[in-house]
Amino acid sequence: MSLALPAPDITRALTRISHEILERNSGSDSITLLGIPTRGAHLATRIAAIIESIEKVPVQVGTLDITLHRDDLRMRPPRALMPTLIPALGVEARNVVLIDDVLFSGRTIRAALDALGEIGRPKSVQLAVLVDRGHRELPIRADYVGKNLPTSNSQSVVVHLTELDGSDQVLIEDGGQ
Amino acid sequence: MKHLLSINDISKTEAVSILDTAQELARVSDGPMKKLPTLRGRTIVNLFAEDSTRTRISFEAAAKRLSADVINFSAKGSSISKGESLKDTAQTLQAMGADAVIIRHGASGAAQRLADSKWMTGAVVNAGDGTHEHPSQALLDAFTIRKHLGKSSSDLAGLKVVIVGDVLHSRVARSNVLLLSKLGAEVTLVAPPTLLPVGVESWPCRVSYDFDNALIGADVVMMLRIQLERMSEMFFPNAREYSRYFGLNGDRVRALNPSTLVMHPGPMNRGLEITADAADGARSVIVEQVSNGVSVRMAILYMLLAGAPDSQINGAIASEIGVNK
Chain A
327 MSLALPAPDI TRALTRISHE ILERNSGSDS ITLLGIPTRG AHLATRIAAI IESIEKVPVQ
387 VGTLDITLHR DDLRMRPPRA LMPTLIPALG VEARNVVLID DVLFSGRTIR AALDALGEIG
447 RPKSVQLAVL VDRGHRELPI RADYVGKNLP TSNSQSVVVH LTELDGSDQV LIEDGGQ
Chain B
1352 MKHLLSINDI SKTEAVSILD TAQELARVSD GPMKKLPTLR GRTIVNLFAE DSTRTRISFE
1412 AAAKRLSADV INFSAKGSSI SKGESLKDTA QTLQAMGADA VIIRHGASGA AQRLADSKWM
1472 TGAVVNAGDG THEHPSQALL DAFTIRKHLG KSSSDLAGLK VVIVGDVLHS RVARSNVLLL
1532 SKLGAEVTLV APPTLLPVGV ESWPCRVSYD FDNALIGADV VMMLRIQLER MSEMFFPNAR
1592 EYSRYFGLNG DRVRALNPST LVMHPGPMNR GLEITADAAD GARSVIVEQV SNGVSVRMAI
1652 LYMLLAGAPD SQINGAIASE IGVNK
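Chains as they are written, first to last, in the working numbering: chain A, 327 to 503; chain B, 1352 to 1676.
The following block holds chain A by itself, in its conformation from the complex (with noise of 0.2 Å):
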């Protein structure tokens, strides 16, 4: 197991991402942060205080649960349905940016941009993530990356956030299984 992403970089790559998503959306008024549960809806939150530390006006941050249209539901046992919150304004005609801490096959932006056209028709829709691992089976890409993390298909990448593991880290580590 090796630490990719220490907690002060964590941080630094959120403000960066904050900070992008802000000059390609000309300002926050546009942007609508759906974060992923479970990690990605603590990310968006982070992102949400940040850019509102920065341009001082409240941001629409929200929650979207995509369980119930992933494409390996029948490969495993039930899951779970983790809570949609979508903020007041919608997504209607807003900028979409959609968070979570991992990309990796791309299935789960699939399933959420599935999610999202059935809650509304975002002007556009944008990713953000923490890390890009690569190994991508679909054709998606991501607009906003916190770090690009080469690994081999053996290996997972664990994301630590201080909300739920007690401290912040992203690790690599080898299967074995």
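Each hint should be verified, as a subset may be incorrect.
Each computed DSS-like pair below joins lysine-lysine, with the alpha-carbon atoms no more than 30 Å apart [said to hold, decoys possible]:
hint, chain 1, residue 1, chain 2, residue 2
1, A, 382, A, 473
2, A, 449, B, 1427
3, B, 1511, B, 1498
4, B, 1427, B, 1438
5, B, 1415, B, 1498
6, B, 1385, A, 449
Here are the computed distance ranges between Cβ atoms for each label pair [unchecked claim]:
hint, chain 1, residue 1, chain 2, residue 2, range
7, B, 1418, A, 411, 55 to 63 Å
8, A, 489, B, 1402, 46 to 54 Å
9, B, 1418, A, 463, 20 to 28 Å
10, A, 449, B, 1557, 43 to 51 Å
11, A, 479, B, 1363, 55 to 63 Å
12, B, 1498, A, 416, 35 to 43 Å
13, B, 1408, A, 384, 48 to 56 Å
14, A, 383, B, 1382, 26 to 34 Å
For the record, the hints were derived by calculation from the structure and aren't laboratory data.
Cβ atoms here follow ideal geometry from the backbone N, Cα and C, with glycine treated the same way.
Mind docking chain B on chain A? Use the hints.
Below, chain B without anything else, positioned relative to chain A:
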């Protein structure tokens, strides 16, 4: 969870997770887009050998919102009325590739028989078997109670629930006593002694013959339908006397706490076990029970059908599960 046959088969944790799932799915039902792709390509058969409005429509709506294909099948108008046995019916459904059968049957234990048999491989959901159980009704009642009165997010600890009426013929009462007590509620059954089943003293609840006394401090009053169609003998002298002692009327409702819920699984005999002003009053959540029923049944179908069958999980795909992200 392979089948849902009895509340006895599910643990408290499983019950709470069904309720939590239902809560998330309720949000979908409230949204602009009510259909989810989750059970696309699955076939669900509604096998109703006994009459039903709410339960059948509710399961049908739940299955359709999850994009499953629904085949409705009732005794009237099918070969059951020609005397076809449950076995032959089940084998027919199996041959048509049913992934789940929702069964209502007049015989207690019919759902269990179907699940234990080798007649079909799909999931079996008990939608009421004789006077035995009606687990999905109990789950939607628990969901409704939790939504209004749940102090903690998970269970119903400390709530006083009074279930009144024809307990003897009621599958709803048995399932509710088992589930609500499992979730921590204190349940009291109120009925004339003639309408209590043998062995009720072994149920996890109290029994009272005095309705007014039992209502003191009640958080929930659940009325049961007098099941005249199952009554072949006299269980009470006459309807007026029954309503006076065991019916919920405006006076009894006014004596309740302002937050007390009035519930009824339907269909109601208005004027017998419940009067119109009690059924339609501000404390009544009877109509809401029906809409909650759809969310709870979506959750049940999701839990039973969305995941892989246990046998498959243990197989080759297990290796993939370890590599998550």
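Each hint, compared with the structure:
{"no.": "1", "hint": "382/A / 473/A", "in the structure": "holds, 27 Å"}
{"no.": "2", "hint": "449/A / 1427/B", "in the structure": "violated, 52 Å"}
{"no.": "3", "hint": "1511/B / 1498/B", "in the structure": "holds, 15 Å"}
{"no.": "4", "hint": "1427/B / 1438/B", "in the structure": "holds, 18 Å"}
{"no.": "5", "hint": "1415/B / 1498/B", "in the structure": "holds, 24 Å"}
{"no.": "6", "hint": "1385/B / 449/A", "in the structure": "holds, 22 Å"}
{"no.": "7", "hint": "1418/B / 411/A: 55 to 63 Å", "in the structure": "violated, 24 Å"}
{"no.": "8", "hint": "489/A / 1402/B: 46 to 54 Å", "in the structure": "holds, 52 Å"}
{"no.": "9", "hint": "1418/B / 463/A: 20 to 28 Å", "in the structure": "holds, 24 Å"}
{"no.": "10", "hint": "449/A / 1557/B: 43 to 51 Å", "in the structure": "violated, 60 Å"}
{"no.": "11", "hint": "479/A / 1363/B: 55 to 63 Å", "in the structure": "violated, 40 Å"}
{"no.": "12", "hint": "1498/B / 416/A: 35 to 43 Å", "in the structure": "violated, 24 Å"}
{"no.": "13", "hint": "1408/B / 384/A: 48 to 56 Å", "in the structure": "violated, 43 Å"}
{"no.": "14", "hint": "383/A / 1382/B: 26 to 34 Å", "in the structure": "holds, 27 Å"}
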